[in-house]
Amino acid sequence: MTKSELIERIARQQEQLPARDVEAAVKMILERMTQALVRNQRIEIRGFGSFTLHYRGPRVGRNPKTGERVELPGKYVPHFKPGKDLRERVNARPVRED
Amino acid sequence: MAALTKADLAEMLYQELGLNKREAKEIVEAFFEEIRRALENDEQVKLSGFGNFDLREKRSRPGRNPKTGEEIPISARRVVTFRPGQKLKARVESYAGGE
Numbered sequence: 001m002t003k004s005e006l007i008e009r010i011a012r013q014q015e016q017l018p019a020r021d022v023e024a025a026v027k028m029i030l031e032r033m034t035q036a037l038v039r040n041q042r043i044e045i046r047g048f049g050s051f052t053l054h055y056r057g058p059r060v061g062r063n064p065k066t067g068e069r070v071e072l073p074g075k076y077v078p079h080f081k082p083g084k085d086l087r088e089r090v091n092a093r094p095v096r097e098d
Numbered sequence: 101m102a103a104l105t106k107a108d109l110a111e112m113l114y115q116e117l118g119l120n121k122r123e124a125k126e127i128v129e130a131f132f133e134e135i136r137r138a139l140e141n142d143e144q145v146k147l148s149g150f151g152n153f154d155l156r157e158k159r160s161r162p163g164r165n166p167k168t169g170e171e172i173p174i175s176a177r178r179v180v181t182f183r184p185g186q187k188l189k190a191r192v193e194s195y196a197g198g199e
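Each protein sequence line maps, in turn, to chains D and A.
Note that our numbering has the first sequence beginning at 1, numbered continuously upward.
Note that our numbering has the second sequence beginning at 101, numbered continuously upward.
Calculated from the structure, these hints are not laboratory results.
Among these hints, one or two may not hold up.
In silico BS3-like pairs for lysine-lysine, Cα to Cα no more than 25 Å straight-line [stated by the list, open to error]: (1) K187(A) with K65(D); (2) K81(D) with K167(A); (3) K121(A) with K27(D); (4) K3(D) with K81(D); (5) K81(D) with K189(A); (6) K27(D) with K3(D); (7) K125(A) with K146(A); (8) K84(D) with K3(D); (9) K3(D) with K121(A); (10) K106(A) with K81(D); (11) K3(D) with K187(A).
The task is simple: from the sequences and hints, build the whole structure.
Laid out in structure tokens, this is it:
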């Protein structure tokens, strides 16, 4: 499901709202979530999950083209922890063991 | 700083988009519910500029009750992983506010 499909699916249930309002709403939600992470504000959506930043320490990497060593500074990366309801629903159908 | 919640997102849609409070709440609810439903149906979710929610299947493996030390098998399961997109990664990477 892409962002435009998500917009269509929400719009189908919200027939009283113009599709462009649903589109604007989805974009605003994603932008607000991004802004939260940009300032290291945790996002907590009950039943869905939480987003936080995790710190990755500095390391020495290599330029894959030249093989040259490059010092990479520490950085923050977004992390998502699925909530209970999402975990259970995704896992509801049995997983095939091979 | 308090966490961002569904109530904050609904308030934003009410204030900035002019939806009424019920519509704003329903859209926020539907946003997360449609993502959950797609994942429940084994459908990957790709939100460009933000990131992808992928599904991974894990085999069963031996586990242990950390309190009692007793061995208990962990069953095979399907899990959701989030892969942040390039744009989101670039925007958070330089966070330097401390904490």
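With the threshold set at 25 Å, check whether the alpha-carbon distance from K3(D) to K187(A) stays at or below it. Cα-Cα ~15 Å, so holds.
Decide if the proposed pair is consistent with the structure: K84(D) and K3(D), CA atoms, cutoff 25 Å inclusive. holds (24 Å)
K27(D) paired with K3(D) [C-alpha distance capped at 25 Å]: holds (9 Å)
Would the hint linking K3(D) and K121(A) be met if the CA-CA limit is 25 Å? holds (24 Å)
Against the 25 Å threshold, does the CA-CA distance of K81(D) and K189(A) hold or violate the hint? Given that 25 Å is the threshold and the Cα spacing comes to 17 Å, the pair holds.
Restraint status (C-alpha distance of K81(D) to K167(A) at most 25 Å): holds (23 Å)
Between K121(A) and K27(D), is the straight-line Cα distance small enough, at 25 Å or below? holds (18 Å)
Against the 25 Å threshold, does the CA-CA distance of K187(A) and K65(D) hold or violate the hint? Between K187(A) and K65(D) the Cα gap is close to 24 Å, so the pair holds against 25 Å.
Given hint K146(A) paired with K125(A) - CA-CA distance at most 25 Å: holds (23 Å)
Does the structure keep K106(A) and K81(D) at a Cα separation of 25 Å or less? holds (16 Å)
Verify the proposed pairing of K3(D) with K81(D), using a straight-line Cα cut of 25 Å. Answer holds: K3(D) to K81(D) is near 21 Å, not above 25 Å.
Every hint, counting from the list given before, is met by this structure.
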